Amino acid sequence: MPKSLIKSGAVIDGYTIGECVHAGGMATLWTVTHPGIEAPLLMKVPRASEGEDPAAIVSFEMEMMILPRLAGPHVPHCYGTGDFARQAYAVIERIPGTTLYKRLPDLPLPYEEARLLVAKIAAALADLHRQNVIHHDIKPSSVMFRESGDAVLIDYGLSHHDHLPDLLQEEFRLPYGTAPYMAPERLLGVRDDPRSDLFSLGVLLYFFTTGERPFGEGETLRAMRRRLWRDPHPPRSLRADYPPWLQEVVLRCLEIEPVWRYPTATQLAFDLAHPDQVKLTARSERLKRDPLSVAWRRRFNPDVKQPRAKSDVAEQIASSPILAVALDTVEGTPELNEALRVTTERILATLPSARLACVNVLKLNRIAIDKTLDEQGSNKHIDRLVALRHWAAPLKLDESRLSVHVLEAVDPAAALLEFAEVNQVDHLIVGARQSSFRRTLLGSVSAKVAAEATSTVTVVRPPRMAAAKPGAGVVWG
Amino acid sequence: MLLAVFSDIHGNRQAFEACLRVARARAAERFILLGDFVGYGADPEWVVDTAMDLVAHGAIAVRGNHDEAVNTTSENMNNDAQIAIEWTRGRLDTAQRRFLAELPMLVEDGDRLFVHAEASSPKRWNYVRSTTDAAKSLIATPSHVTFCGHIHRPALYSMSVTAKMTSFVPKTDVPVQLLRGRQWLAVLGSVGQPRDGDPSASFVLFDTVSCQITYCRVPYDIASAANKIRENGLPPWLADRLSQGR
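From first to last, the protein sequence lines are chains A and B. The first sequence begins at 1 in my numbering and counts up one residue at a time. The second sequence begins at 1 in my numbering and counts up one residue at a time.
Hint data in this document are derived by calculation from the structure and do not stem from the laboratory. Bear in mind the structure is a predicted one, so any value in this text is a computation, not a measurement. Do not take every clue at face value.
[Claimed, not checked] Per label pair, the in silico range of CB-to-CB distance:
# : chain 1 : residue 1 : chain 2 : residue 2 : range
1 : A       : V342      : B       : V169      : 33 to 43 Å
2 : A       : E217      : B       : V209      : 42 to 52 Å
3 : B       : S120      : A       : P68       : 29 to 39 Å
4 : A       : L188      : B       : P219      : 52 to 62 Å
5 : B       : V169      : A       : E335      : 43 to 53 Å
6 : A       : E421      : B       : P219      : 34 to 44 Å
All residues carry an ideal CB built from backbone N, CA and C; glycine is no exception.
Produce the entire structure from the sequences given, and follow the hints as far as they go.
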C-alpha cells in the first residue's frame, strides 16, 4: 500500500487539499477545492496504512463502489473517487451543519418533533432503497439535514447494493456495525433485507422519543443476540403519555421478524405523515414486555434463527406499493365508482403488501367563503370520510392497509398531484368524468393528473353502454 | 479500450452472430474468445472460420476442452457431448482442426488473464463452482482480472488482500467497477448454450481504463439453431435445452 499523499496544500487529481476536519477510526475527512467545482467539497480518505483495521479498507471499497451510483437529494453527491493503486479517496459534497448525533443531549424530543424528523429519514431511506441500496448503519451520526429540510444519509461503508458484489459478505466473522441499532437478522448474516434499515430507524425513533435505547448499549455478541428473542420495553411503560399510535409505529419497526415490520420505508413514512390513520393493534396498548415464557419459546424456536431465502430489494419494494384512488363521492356516478372499485380490487389482488389511500377532493369555492357545515348542518368533511370508508368496505382490506383522506382545494387535479407527490404514491387510480358539458367547462381532472403525475396513473371509465339512438322512440325520464 | 469477451460458443451460429452484432454496436474494440468454439451446436465450420478471421484481425483466443476433444480421443465426456464431437470432427477441414489444436491454454494480456477453465491447472478443465474454486484460481495468478468460462453460468468473484472471498451473480447490463485493491475472477455465461435458466446468449464487455465489467444478454433465433441440430441428427436434447437455457 503506497504512503498517503494527503496533506494540507497537496494537489491530487486537481483537488487541492485544505484542512483535516475529522479524524475517525475508519477514515479522515479533509476540505478540498477544485477549480471546476463550485460546491463545498470534502475528501474522505480511508485509514489504510499498515497495522490498520482491514475493515477500514473493505468498507471504503464498498463506499467507492456505491457512492458514484447514488443520486438525489437524500445522498451526498459524489464528484470523484481515487483508486487504492495510488491514493484511495472519495470526493463528496460537503453538507453544511451537523449530524443528528448533536441532538442526543436534547433527548427525549417532543413527540411531534420526533415524528417529523423520522418521517424525513424514512423518506430518505425509501429513496435509497429504490436505488437498490440498503444502508445498514442507520443511526444519529449517519443522518444530516439540508437547508431544504430533506434528510441526507451519509456513510455507506457497511451498505449493500443489490446490483453489486457485496464485499462485506465474508469479510467479518462477526456482524459488523453499530450494536444498539443492528437488526436481529443481521446477527444471522442476512445482508439483503431492506427492512433491516427500518428496524434501525425504529431504534432511533424509540431512543429519540424515550431517551433510552431499546436494546441498551451492549456491544458483546451475547448482549446483541438477546434481541433475537427478547422484545424491548414498550415505550408507554417509560413515558405514561406516550401516544398509542406512536408506540404502534415504533414497535412495528422493532418486530423481530422482518415480515412483521413495515414492508417498505415509504409505508412507514406514510404512517408518520398521517398519525390519525395509523391502525392501532394490540401493540399500541402494551405496557409490559412479553412474558418470559413467550420470550423463551422464541429463544428456542429454530425458525427465528434460520436465514431466510434471498429477497430482491427491488422486487420487495415493487410488491408493496402505495396506491391512491381518487373518488368523487358526491358527483361521481355509481357506475364510475363501481368501475373504480373493480379496477382497484384487481390491482390489490396481485399485491398483498400494497396499501390503499382513498382520496376525495372537497372543492373550495374560489371566491365565496366556504362553510364547514352544509345546508343541513352536517360536517362536509366528516361526511366524505364516511362515504370513502363505505366505498372501500367491499374491498375487505385490513385496516392497516387502508386510509381515507379528504383534501380541500380549489383545483382538484393540483391537489391530487400534490397528495401523490408528498406521500410517494406509486400508482394513482382516477375516474374519467363522464359529463362532457362539465368536462368542457372545468377541464378534465384525469387528463391533467395523467399528464403531470410522476407515478403510474390508471384512468378508469365505466363499462361501455350502448348509445341511445336518436329518434328510436325511447323517452328518457 | 473496450473488450468484448465471448465463451462457450459451441457451434451456435445464430447466438454468436447476434452477440457479435451487439458487441460491435456497443463499440467494442477488441474481441476475446475463451474457447469451446465447437461441440453441441450444428454450425462448427462457420464458428471456427469466424474465430480464425477475428484472430487474424487481432482477437485473442484460447482453447476449450471441446476444441481439444476434436483432435484427441477424450474419455471423460458425457454421451451427448461425445456424439456431437465425433460429428463435429467429420465436419471440420484440416485448417480448422489445426487452428483449434494450436490454440494456447491461456493468454496473459497486461494485468488480465484469459483462460477457459479454472486457472490453477487449466489442462484439468476444472469448473469454477464456488468461492473455494475461485480462490484456487485467483491464488494461482497475479492478474488483476481473470476471465474464464466452461460452466455456462455467469458469476463474479473477488479476493481481498487478506484473501477474503466474495461471490456475486451479476445483473445484466449493470456495470461493476473491478476495484484495483483486490483480484477478480469473471466467470462468463455461454454464448451458444446458456445453462443459468435464461436462454438468451451471454457475453461480457470490459473497459480496460475504467475497469468496468458489464454482463450482457442477447436474444437470438433459438428456433433456427435448434432446428439445425435436429436436422443433422444430433441428440435432440441438445436442441431442446437451448430454449430452456439449461
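Hints, one by one, checked against the model:
1. For the hinted restraint 33 to 43 Å between V342(A) and V169(B), the CB-CB distance of approximately 40 Å keeps it satisfied.
2. At about 47 Å, the beta-carbon gap between E217(A) and V209(B) stays in the expected band of 42 to 52 Å.
3. For S120(B) and P68(A), the hinted distance range of 29 to 39 Å is satisfied, since their beta carbons lie about 34 Å from each other.
4. For L188(A) paired with P219(B), a C-beta distance near 39 Å fails the hint of 52 to 62 Å.
5. The beta-carbon spacing between V169(B) and E335(A), approximately 50 Å, falls within the hinted interval of 43 to 53 Å.
6. Distance hint check: the CB atoms of E421(A) and P219(B) are about 37 Å apart, consistent with the given range 34 to 44 Å.
In this structure, the one hint that does not hold is number 4.
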